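**Q** Assemble the whole structure, with the sequences as input and the hints as a guide.
This is what each chain is made of:
4 protein chains.
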Amino acid sequence: MKRKELIIVAGLIFLLPLNAQEKKYPEPAPMTPAMTEYWQPQPQVVTPDPVPSDAILLFDGKDLSQWESVKGGPAEWTVENGVFTVKRGTGDIQTKRKFGDFQLHIEWRIPEGIQGESQGRGNSGLFLQGIYEIQILDSYKNETYVNGQAASIYKQTPPLVNAMRKPGEWNSYDIIYTAPTFKKDGTYRTPPTVTVLHNGIVVQNHTIIRGTTPYIGLPEVEVHGDGPIRLQDHGDPVSFRNIWIREL
Amino acid sequence: MKRKELIIVAGLIFLLPLNAQEKKYPEPAPMTPAMTEYWQPQPQVVTPDPVPSDAILLFDGKDLSQWESVKGGPAEWTVENGVFTVKRGTGDIQTKRKFGDFQLHIEWRIPEGIQGESQGRGNSGLFLQGIYEIQILDSYKNETYVNGQAASIYKQTPPLVNAMRKPGEWNSYDIIYTAPTFKKDGTYRTPPTVTVLHNGIVVQNHTIIRGTTPYIGLPEVEVHGDGPIRLQDHGDPVSFRNIWIREL
Amino acid sequence: MKRKELIIVAGLIFLLPLNAQEKKYPEPAPMTPAMTEYWQPQPQVVTPDPVPSDAILLFDGKDLSQWESVKGGPAEWTVENGVFTVKRGTGDIQTKRKFGDFQLHIEWRIPEGIQGESQGRGNSGLFLQGIYEIQILDSYKNETYVNGQAASIYKQTPPLVNAMRKPGEWNSYDIIYTAPTFKKDGTYRTPPTVTVLHNGIVVQNHTIIRGTTPYIGLPEVEVHGDGPIRLQDHGDPVSFRNIWIREL
Amino acid sequence: MKRKELIIVAGLIFLLPLNAQEKKYPEPAPMTPAMTEYWQPQPQVVTPDPVPSDAILLFDGKDLSQWESVKGGPAEWTVENGVFTVKRGTGDIQTKRKFGDFQLHIEWRIPEGIQGESQGRGNSGLFLQGIYEIQILDSYKNETYVNGQAASIYKQTPPLVNAMRKPGEWNSYDIIYTAPTFKKDGTYRTPPTVTVLHNGIVVQNHTIIRGTTPYIGLPEVEVHGDGPIRLQDHGDPVSFRNIWIREL
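Chains as they are written, first to last, in our numbering: chain A, 564 to 811; chain B, 564 to 811; chain C, 564 to 811; chain D, 564 to 811.
Hints in this document: simulated from the structure, not taken from any laboratory. Treat the hints with care, since some could be wrong.
Stated by the list, open to error - Pairs of lysine-lysine, DSBU-like flavour, derived with a Cα cap of 35 Å:
id: 1; chain 1: A; residue 1: K634; chain 2: A; residue 2: K659
id: 2; chain 1: C; residue 1: K625; chain 2: C; residue 2: K729
id: 3; chain 1: A; residue 1: K746; chain 2: B; residue 2: K661
id: 4; chain 1: B; residue 1: K747; chain 2: D; residue 2: K747
id: 5; chain 1: A; residue 1: K587; chain 2: C; residue 2: K661
id: 6; chain 1: D; residue 1: K650; chain 2: A; residue 2: K729
id: 7; chain 1: D; residue 1: K586; chain 2: D; residue 2: K650
id: 8; chain 1: A; residue 1: K661; chain 2: A; residue 2: K625
id: 9; chain 1: A; residue 1: K729; chain 2: B; residue 2: K661
id: 10; chain 1: C; residue 1: K659; chain 2: C; residue 2: K587
id: 11; chain 1: A; residue 1: K587; chain 2: B; residue 2: K747
id: 12; chain 1: C; residue 1: K625; chain 2: A; residue 2: K747
id: 13; chain 1: D; residue 1: K586; chain 2: B; residue 2: K729
What the hints assert, rightly or not - Chain C side only, calculated, beta carbon under 7 Å to chain D, not exhaustive:
id: 14; residue: M594
id: 15; residue: T599
id: 16; residue: P606
id: 17; residue: V608
id: 18; residue: Q666
id: 19; residue: Y708
id: 20; residue: N710
id: 21; residue: P721
id: 22; residue: V724
id: 23; residue: A726
id: 24; residue: I739
Keep in mind the model is a prediction, meaning the values are calculated, not measured. Yeah, the Cβ is synthetic: ideal placement off N, Cα and C, and Gly gets one too.
**A** As structure tokens, then:
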């Protein structure tokens, strides 16, 4: 083709889409800034320090008055120096209050000089609504099955990374939990979800919890309402402090 | 009714569901613990202190080498005493690197003795992927439209609570962001979502971002890929420090 | 290379990854098929023809006994030949029953020979739980604003495609709706979602409904419980038939 | 109390909330209807009959030219009278084209006079993207494990109800499928989801697919891109017709 022909053809090609789109549609009418400005309700003011002013303190460093033994009666774990510690053989403890959706802060410590390996080292657990276990374990240079290491949803979902501190140092969990809703047939209408920061690092990111977290077998869906925060006596002297919860 | 009659009636009531359900179905075969134990891949080990070992440090306290001016050229904000501060009139700055899904930690401070009210007091902003603004403002005893106060998704969603510290004190944002994906027609296939902790308190909880965050008009959906962290020069001397990001 | 050398080199290559990955982890213990087989509860048997046996028939072709006027009193629309039709000026009608999550089937027809354009042609509407409008309109060769055409979530989300049949022919909507849940502060804990098939074609795909669907202004979140199916009297003689609903 | 006192007390009670809420906030500025009206892009027009005009016909009633054997070579199933039927021992077949998100319509029939029980009666399967099986089985008066009956996500999620027609009659599946996206570590960033209508009745409602659907063991997450529609040769003479797919 000669150059001139080429230009003409190119022009025609260009015209086609122009013709196809020549229709003009109205644009949405212009708005002003104040049309998208909402003044109420003003969010509640919450002072963040030392703990959020709308938080329920679940341990004041002095006693376990907010807790009870799961098998009945008072919580019998050891309280000392502003810290409480699993007392082997006394069984799991749980908060007296029950919760739906919440933000929970909790700190926990594996004792220095801990011995053992895999699941046999610093094992405890935190049960959301008394049912869904976030694993507590010494995962510092201690490999185990990954859906059973610290910050896993037990026997379901491993943490994104292993953010564990050394034995003797305090670990923190910041947990954002959304409770499930149920259909009439007893299955989840909306499943529980959880976000966990371990020592400030995201290790569960809006993870769907698939049901119960049994040692043996698969997750099952059980209908439940609000439930307590439950801590596990797995026989190891894991310690806890600075526990607060905010209802969402 | 006499006691004996009562027992018989109770028995009949009990028999009805038994009859209705007399069909026996197999139970799932029993499992062993090891069937639900996964050992690999082992999650990456990340040491949490002083910043996560897999984080990219976006400010080392010394210079703005990780940042550039949005209008081109080097970032011209003021660096002093391990802190950088908006330099009025130099324009927004953004990271040289671009990000998809991430966890971001950032600290910011409104200067003590700040004057003004509503949007005219300590105004800046943090744009996720350069596009979606999380508001930065002095919201300490300073009411404004709630979808424009600190920790709001600007002109969309107010924070759940107002967790602001006083002028002169440092605030922190911990942000977990999931980038959108797009359909061929340019709409969201999955919208962006964001969780924000303001001073450790959940203020956005897996909130869906509906589109851009303009001052005037409604959110719009724009196709984009990875983008920078962008900070706004709104003319007010807001300061920043301790900024790190982890790609998720 | 001689054959023997080749074998040695191959061996070395093979050793490299072995060294890198030399750690051996247990595999999950093997399972049997019956471990993942659940026999109960057996899903309810529903015969699909002519309408699902668990459906509530909302119109039997004879009368509007399942419906009432929204402004009070009996529904006054016209019933003729197994079809009912908007009677201009009598106002919206709604089901006497209220619903939460549901699957709804409904057929509707624009009269042959319809005149008018844009919103002024065969306008009606279907309100989910009495609140959220799925638009009913003649969108056959009749352009209007796309978030106001047939099968749009009114003033929110246009349909994925325009699947409209000609005036005089019957259109069907198959709607799968999930009702919202609310937080104590009156915002959505989970927003309503809807999937719509228009004449068998997916036009809304698990779309999030952002709030009310007003003619003027932005969606607002109003707390509500179960609600009726409501049909709009917009002054145009749109007809309906074959309406059934299944609670989910 | 005397009447006058009562009025005063009532007035005081009323004043309390008034005092508490006396602060007046601005309302968002009023809008006009045209501010929320979007005219473009106009959704694509799709004529719905006899099949959607934007659908890919996967079987024209004449030959299996759109299909191939999974083990290689042409699809060898039997085509007769506008219908194709599993030819025992020839293996699974799959579409030559691969798909991401889609809407699929397919009709299938169990032969009249079928014998056998549980999984041994009219067994086939439809694999989404070649990977995730929606069960095809004679579930008419034939109990089996519920996560293995017709319209189950095999070995995962049973259908909401059993909507099966009799052997000799045609069943339909209308499937809305959203493909997964993956993170760099090979896990789901967003899991696959599926909605299934069986004979027009919702049996899977935006169900999350948890991974592969093996006969033995648990779902696993495998990274994959677009994939074919695959049909299973399980040895039973199940027939198919009227298959079309629309890319979403």
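**Q** Now tell me, hint by hint, if it's right for this structure.
**A** Verification of the hints:
1. A:K634 x A:K659: 13 Å, holds
2. C:K625 x C:K729: OK: K625 (chain C) and K729 (chain C) at ~26 Å, within 35 Å.
3. A:K746 x B:K661: Measuring from Cα to Cα gives roughly 43 Å; hence the hint is violated.
4. B:K747 x D:K747: Since the Cα atoms of K747 (chain B) and K747 (chain D) sit roughly 23 Å apart, the hinted pair holds (cutoff 35 Å).
5. A:K587 x C:K661: Roughly 43 Å between the alpha carbons, so the hint for K587 (chain A) and K661 (chain C) is violated.
6. D:K650 x A:K729: 62 Å, violated
7. D:K586 x D:K650: 78 Å, violated
8. A:K661 x A:K625: 21 Å, holds
9. A:K729 x B:K661: Measuring from Cα to Cα gives roughly 33 Å; hence the hint holds.
10. C:K659 x C:K587: 66 Å, violated
11. A:K587 x B:K747: 23 Å, holds
12. C:K625 x A:K747: Distance of about 33 Å is within 35 Å: holds.
13. D:K586 x B:K729: At roughly 23 Å apart (the allowed maximum being 35 Å), K729 (chain B) and K586 (chain D) satisfy the hint.
14. M594: 5 Å, holds
15. T599: 5 Å, holds
16. P606: 5 Å, holds
17. V608: Holds, because the Cβ-Cβ distance from V608 (chain C) to chain D comes to roughly 5 Å (cut-off 7 Å).
18. Q666: 5 Å, holds
19. Y708: 4 Å, holds
20. N710: 5 Å, holds
21. P721: Holds, about 6 Å.
22. V724: 4 Å, holds
23. A726: Since the shortest Cβ distance to chain D is 5 Å, the answer is holds.
24. I739: Holds, because the Cβ-Cβ distance from I739 (chain C) to chain D comes to roughly 6 Å (cut-off 7 Å).
In this structure, the earlier hints numbered 3, 5, 6, 7 and 10 are contradicted, and the remaining ones agree with it.
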